[in-house]
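Chain by chain, the residues:
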Amino acid sequence: MIGARPERARTTGATAVGTERVPLLEMRGIRKRFGDLQALDGVDLVVNEGEIHALVGENGAGKTTLMNVLYGLYHPDSGTIRYRERDVRITGPRDAIALGIGMIHQHFMLVPPLTVAENVVLGDERGGPVLDDRAIEERVRGLEERFAIAVEPGARVEDIPLGLQQRVEILKVLYRGSELLIFDEPTAVLTPQEVDELFAIVRTLREEGKTLILITHKLREVMAVTDRITVLRGGRNAGELVTKQTTPAEIARAMVGREMKQLKARATPPRTEVILDVRGLEALSDRGSPALRGIDFEIRSGEILGIAGVGGNGQSELAQCLLGLRKVAAGTIRIGGIDISRDDPKRTRARGVAYVPEDRRIEGLVLAFTVADDFILGKQDRPPYAANGIVLDPAAILKAGGRLAVEYDVRPPNPRAIVANLSGGNQQKVVLGRELSERPKLIVVSQPTRGLDIAATEYVHERLLEQRGQGAAILLVSSELDEIRALSDRIAVMFEGRIVAVLDAASATEERLGLLMAGHTEAAA
Amino acid sequence: MASEPQATPTGPATAPSVRQPTAQWARGPAVPVASVVFALAIGAIFVLLSGHDPIAAYIDLFRGAFGSPYDITETLIQTIPLVLAGLAVAVAFRTGLFNIGAESQLLIGAVAAGAVGARFADLPGFVLFPMVLAAGIGAGAGWAAIAGYLKAARGVNEVITTIMQNYIVVFVMHWLLQNGPMTAPNALGTPASAPIGAGAVLPIIIPNELVPLTRLHAGIFLAIAAVVVFWFLLWRTPLGYELRAVGLGARAAAQAGIDPRTRIVIAMAIAGGFAGLAGMIQVTGVFHRVFDGFSSGYGFDAIAVALLGKNSPIGIALAALLFGAFARGGSIMQANAGVSAQLVSVIEAVVLFVIAAELIVRVLTARRRERKPLEAIA
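If you read the sequences in order, they're chains A and B. Whatever position you read off the first sequence (first residue = 1), add 536 for the working numbering. Whatever position you read off the second sequence (first residue = 1), add 42 for the working numbering.
Be aware that a few hints might be false.
[Claimed, not checked] DMTMM-like, lysine to aspartate or glutamate: derived pairs with alpha carbons at most 20 Å apart:
| id | chain 1 | residue 1 | chain 2 | residue 2 |
| --- | --- | --- | --- | --- |
| 1 | A | Lys863 | B | Asp113 |
| 2 | A | Lys915 | B | Asp164 |
| 3 | A | Lys882 | B | Asp301 |
| 4 | A | Lys863 | A | Asp875 |
| 5 | A | Lys977 | A | Asp1018 |
| 6 | A | Lys935 | A | Asp945 |
| 7 | A | Lys977 | A | Glu834 |
| 8 | A | Lys754 | A | Glu715 |
| 9 | A | Lys977 | A | Glu1047 |
[Claimed, not checked] Derived Cβ-Cβ restraints for the label pairs, each shown as a range:
| id | chain 1 | residue 1 | chain 2 | residue 2 | range |
| --- | --- | --- | --- | --- | --- |
| 10 | B | Asp301 | A | Glu998 | 28 to 36 Å |
| 11 | A | Lys780 | B | Gly70 | 52 to 60 Å |
| 12 | B | Asp301 | A | Ser973 | 20 to 28 Å |
| 13 | B | Gly167 | A | Arg897 | 53 to 61 Å |
| 14 | A | Val624 | B | Asp301 | 54 to 62 Å |
It should be emphasised that the hints constitute simulated quantities derived from the structure, not laboratory data. Positions of the beta carbon are idealized from the N, C-alpha and C atoms, including for glycine.
Use the sequences and the hints to build the structure in full.
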């Protein structure tokens, strides 16, 4: 089955790598079909004992399906699983756990009111009918010491941050004696610092002889922490790589199946006309504390200003003020010289402001609407969608929806499709189509590629640069420093409601930005 | 299969959705129909337990509702206020609001219509009728808009306010009609208002020779018109689009320049207008005056009607007809088969139960999908 596809890029055979090691897990020819969709089409995965193995691929490549097969949540249509050189049949998570396979889910499965220790032992309490809290905590503490995982065993799970909750999940799996740990997108919910701490734990686990599978699509993480890489694409193997011998570009190529396009460098310099001019802007947060404490900046036509900063330093509030979604306490916001700081979103948008919000599922889109209906959100009372503003024209809405769906590469390009059923990337394309199709003067963009895969991210970036080329002013808020540095002409760093520095993209190294984001203005100067 | 060449790299975007079938199934009429069948089966058990023949009881129920032209017209008379009150619940629901106050909006519409109709009884019909119509719709709209305003401006839960408004109107009606300012001078102890002027009375639309003694009045045309207005408003006007957008995604609507607060007030006012029209029609078409306690809880049955009808125009019309038939047929069944008309309440309750259960299932499955990201399927 596998040999029939010689075109597959197979850098190294499983046996050629780490020959001194025995394969702990061998999955061969795994197939799984859901309705019309062949989710896995003969996938192989070989994981050696004591390694950190990355399982990478775009959204929909089959990574999670493959792991759910291994964990017994799905039953494969065909294929074999060998574990410790024995053929095994895994019919449910119970079998997997008995074999020593543990899964750390992306969405934690914890009981919030219980303590850390109680959560760890839940379902496997051991001992008599009476729960001995102290003994349990001792046992959990022992586990924590061995693997250098710090969480207070007596703390309630609902009181601890996500990063620590994830450690509880890891402890749970270790407590059950797992030898092979599967991490499903473990960094999706973590802050950059928590990611570093997680990686330290992951390395300790490897030193302690555990084997780890890391499901991810973030290449930076793959390069930082893994030993070997299996790439999936469209439900098939698209490459096996050794981390030390490969590059992010090579992995990306295997994931996407083609060369990544180089972002067209900012060919034209920004023009001179100032589009957005913000002076002394102040605003309160939802809780009533000062969120913006006097912000000054301007963006010119054909310029992208990146806003860097650790989340929660006023970036969201700034975007909301620009749109008229948040009350401006003091200061002015001028678009082409006209103060819009008191305008509501409708009037702000009428001035040529477009918005790609942070959370496309809640703020960007009405998920239950069709693609065509979401394209006209905010334009429903204007021709051609509403003749003379009173009666909707369904034919015109559908026609425009079909045209935009094609123009913005929404797949499937069906204006009647329900937006909730689209992938994240296609949902974002609907947002872009709505916001960019009317030649906006100012585009406020917040986390435009969060959760998107490589191809969709590339698409979003191209579209933003295209708008820049057409003379739009763009404010880009992103927690991805790479994204900010790749797209921005200038980068403003926000810290505690202020802009602490504005750097030229050329001089903004990651180190400098990192220091500024952490509030070290002097050190970075 | 394995040797099938992988065509041009299309990326993940082409991964088709496997979630659609379930969603589409839930959108169809399967669940409402199944819930009614199930409810009838449960009802049959209760009939058996009370020592009667369920088949005979249901035959009586059906005959009572549709057995003769007269019965059909009586069923339709019951259906009219249910349709309108059902629309009142549905407009709010489409905007993301739970309007429990259709009953009080209906009652206040009836009171206003009755008061205007009696006070200006001498005016000619072409003046009086529009006045009474406006009074009924306006009173319901204004009353419901209060709950909408409190929600929009102060964040007060509309479920609470509309329930409390029900109590207010019920007791104000007691006061008005039991020896109060609206009580008819010659009422002789009947808690009722003076009759409305002849010009405000809705005419009987079927000649007596065709269906003897029928009371079916022109209000049925108003109800049909209201269903059409409901559909047109929600799916063919920018306002309706905005209401639906607010109902399905308030924050998305807000950032696009559709202020949910104003739309909430408007939606409640429209809802109250439909319910007020229902009350006005009961006064001008059926009673020709206001009785204390004339409504048998149309505004509450309306919640079931809207849910069973999935807040769609045709669905609401059909569900209202079903509940109208239950109301009419139930009393006949009680008279003939000796089965308590309360059976009808049991059946209605089971229908609601099943619909609510389906909603719960849908919410739960939606959550499970949330937990397993798209990748888990694709």
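Do the hints match the structure? See the list:
no., hint, in the structure
1, Lys863/A x Asp113/B, "violated, 60 Å"
2, Lys915/A x Asp164/B, "violated, 49 Å"
3, Lys882/A x Asp301/B, "holds, 9 Å"
4, Lys863/A x Asp875/A, "holds, 14 Å"
5, Lys977/A x Asp1018/A, "violated, 25 Å"
6, Lys935/A x Asp945/A, "holds, 15 Å"
7, Lys977/A x Glu834/A, "holds, 13 Å"
8, Lys754/A x Glu715/A, "violated, 24 Å"
9, Lys977/A x Glu1047/A, "violated, 33 Å"
10, Asp301/B x Glu998/A: 28 to 36 Å, "holds, 34 Å"
11, Lys780/A x Gly70/B: 52 to 60 Å, "holds, 56 Å"
12, Asp301/B x Ser973/A: 20 to 28 Å, "holds, 23 Å"
13, Gly167/B x Arg897/A: 53 to 61 Å, "holds, 55 Å"
14, Val624/A x Asp301/B: 54 to 62 Å, "holds, 59 Å"
Violated hints for the displayed structure, listed by number in ascending order: 1, 2, 5, 8, 9.
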